[in-house]
Amino acid sequence: MVQLTFPQPGDLPDAAYFAFVSGRGRSGIISGLAFAPDFTVPEVTVDPGKAVIDRGDMTTVHPNISPAETVSDAVAVVETESQTVTLTSGSVNHIFLDANIANDDSGTVVANTTGTKPTTASLKIGEVDTNTDTATERWNLISESGTLTYPDEQAIDSEDAQNRLSPGTLVFDRNASELFVIE
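Note that our numbering has the sequence shown beginning at 24, numbered continuously upward.
Honestly, I wouldn't trust all of these hints.
Pairs of lysine to any residue residues, derived as SDA-like cross-links and limited to a Cα-Cα distance of at most 25 Å, are as follows [unchecked claim]:
| # | residue 1 | residue 2 |
| --- | --- | --- |
| 1 | Lys73 | Glu182 |
| 2 | Lys147 | Gly79 |
| 3 | Lys140 | Ala91 |
| 4 | Lys140 | Ser89 |
| 5 | Lys147 | Asp34 |
| 6 | Lys140 | Pro86 |
| 7 | Lys73 | Glu206 |
| 8 | Lys147 | Thr172 |
| 9 | Lys140 | Pro65 |
| 10 | Lys73 | Ser189 |
| 11 | Lys140 | Ile88 |
| 12 | Lys73 | Thr192 |
| 13 | Lys147 | Phe195 |
| 14 | Lys147 | Phe203 |
| 15 | Lys140 | Ala158 |
| 16 | Lys147 | Ala57 |
| 17 | Lys73 | Pro90 |
| 18 | Lys147 | Val132 |
| 19 | Lys73 | Ser89 |
| 20 | Lys147 | Thr137 |
| 21 | Lys73 | Asn87 |
| 22 | Lys73 | Gly169 |
| 23 | Lys73 | Glu167 |
| 24 | Lys147 | Asn87 |
| 25 | Lys73 | Asp61 |
| 26 | Lys73 | Thr155 |
| 27 | Lys147 | Val133 |
| 28 | Lys140 | Pro90 |
| 29 | Lys140 | Glu104 |
Hints in this document: simulated from the structure, not taken from any laboratory. Nothing here was measured: the structure is a model prediction, and the numbers come from that model.
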């Protein structure tokens, strides 16, 4: 664990420090990223949007920071253009925004049927069920007040949400207009 106050006079610019102060492990959609599924193809088009995604630990790389320092709960701020991805027929397709941190400025929408995050720097943004032709979108939406919101109770109760959210976290069900506390 590093002891860090940033920025202060004399601090060297490094992506790890900026990722440290950007969100401190908080993930969520800031704006956009709504869906338009086409069940006949099947594919889904995800609107342009912005999100912050917890990417875990990040180590400084500036040559004048010696020894290198590792900060925990760094976040990536991701802004994407509209993207269309192919879906699997007759399945629940889990839709993720992957920060794709290995490639500069290339956040990517990913769909899979396993529900497994494509990388550690990924955020689930919804599901499209091509068996029942239904979709739930904008999971992990951060409201203006900072409260984390979900489209419905099923999304709040999902394995993804339960694995991500700490006990005591307050979340809002947009469909029922109710607040819940994660146990």
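Status of each hint after checking the structure:
Restraint check for Lys73 and Glu182: satisfied, since their Cα atoms lie roughly 24 Å apart, inside the 25 Å limit. A hinted pair counts as satisfied when its Cα atoms are at most 25 Å apart, and Lys147 with Gly79 qualifies at roughly 16 Å. The hinted pair formed by Lys140 and Ala91 fails the criterion: a straight-line CA distance of about 28 Å is larger than 25 Å. Taking the CA atoms of Lys140 and Ser89, the gap is near 33 Å; set against the 25 Å cutoff, the hint is violated.
Taken as a hint, the Lys147 and Asp34 pair is broken in the structure, with Cα atoms around 34 Å apart against an allowance of 25 Å. About 32 Å separates the Cα atoms of Lys140 and Pro86, which puts this hinted pair outside 25 Å; it is violated. Under the criterion of a C-alpha separation no larger than 25 Å, the hint pairing Lys73 with Glu206 is inconsistent with the structure, at around 29 Å. Annotation: proposed proximity of Lys147 to Thr172 holds, straight-line Cα distance about 13 Å (limit 25 Å).
A distance of roughly 21 Å separates the Cα atoms of Lys140 and Pro65; the hinted pair therefore holds under the 25 Å criterion. Distance restraint check for Lys73 and Ser189: the Cα-Cα separation of roughly 23 Å lies within the 25 Å cut-off, and the hinted pair is therefore satisfied. A threshold of 25 Å between alpha carbons decides the hint, and for Lys140 with Ile88 the separation of about 32 Å lies outside it, so the pair is violated. Between Lys73 and Thr192, the direct Cα distance comes to roughly 22 Å. Compliance with the 25 Å bound is thereby established for this hinted pair.
A C-alpha spacing of about 16 Å is found between Lys147 and Phe195, which places the hinted pair at or below 25 Å, so the restraint holds. Under the criterion of a C-alpha separation no larger than 25 Å, the hint pairing Lys147 with Phe203 is consistent with the structure, at around 19 Å. A C-alpha spacing of about 18 Å is found between Lys140 and Ala158, which places the hinted pair at or below 25 Å, so the restraint holds. With a C-alpha separation of about 12 Å, the suggested pair Lys147 and Ala57 falls inside the 25 Å cut-off, and the hint holds.
Between Lys73 and Pro90 the CA atoms are separated by roughly 33 Å; this puts the pair beyond 25 Å, and the hint is violated. A distance of roughly 10 Å separates the Cα atoms of Lys147 and Val132; the hinted pair therefore holds under the 25 Å criterion. Restraint check for Lys73 and Ser89: not satisfied, since their Cα atoms lie roughly 33 Å apart, outside the 25 Å limit. With a CA separation close to 12 Å, the supplied pair Lys147 and Thr137 stays within the 25 Å bound.
For the hint pairing Lys73 with Asn87, the CA-to-CA distance comes to about 32 Å; that exceeds 25 Å, so the pair is violated. A distance of roughly 15 Å separates the Cα atoms of Lys73 and Gly169; the hinted pair therefore holds under the 25 Å criterion. For the proposed pair Lys73 and Glu167, the alpha carbon gap of about 14 Å is at most 25 Å, so the pair holds. A distance of roughly 37 Å separates the Cα atoms of Lys147 and Asn87; the hinted pair therefore is violated under the 25 Å criterion.
Under the criterion of a C-alpha separation no larger than 25 Å, the hint pairing Lys73 with Asp61 is consistent with the structure, at around 23 Å. Among the hinted pairs, Lys73 with Thr155 is inconsistent with the structure: their alpha-carbon atoms are about 29 Å apart, more than 25 Å. The hinted pair formed by Lys147 and Val133 meets the criterion: a straight-line CA distance of about 9 Å does not exceed 25 Å. A distance of roughly 32 Å separates the Cα atoms of Lys140 and Pro90; the hinted pair therefore is violated under the 25 Å criterion.
In summary, the hint linking Lys140 to Glu104 is supported, as the alpha carbons are separated by about 21 Å, within the 25 Å threshold.
Hint violations for this structure: numbers 3, 4, 5, 6, 7, 11, 17, 19, 21, 24, 26, 28, all remaining hints satisfied.
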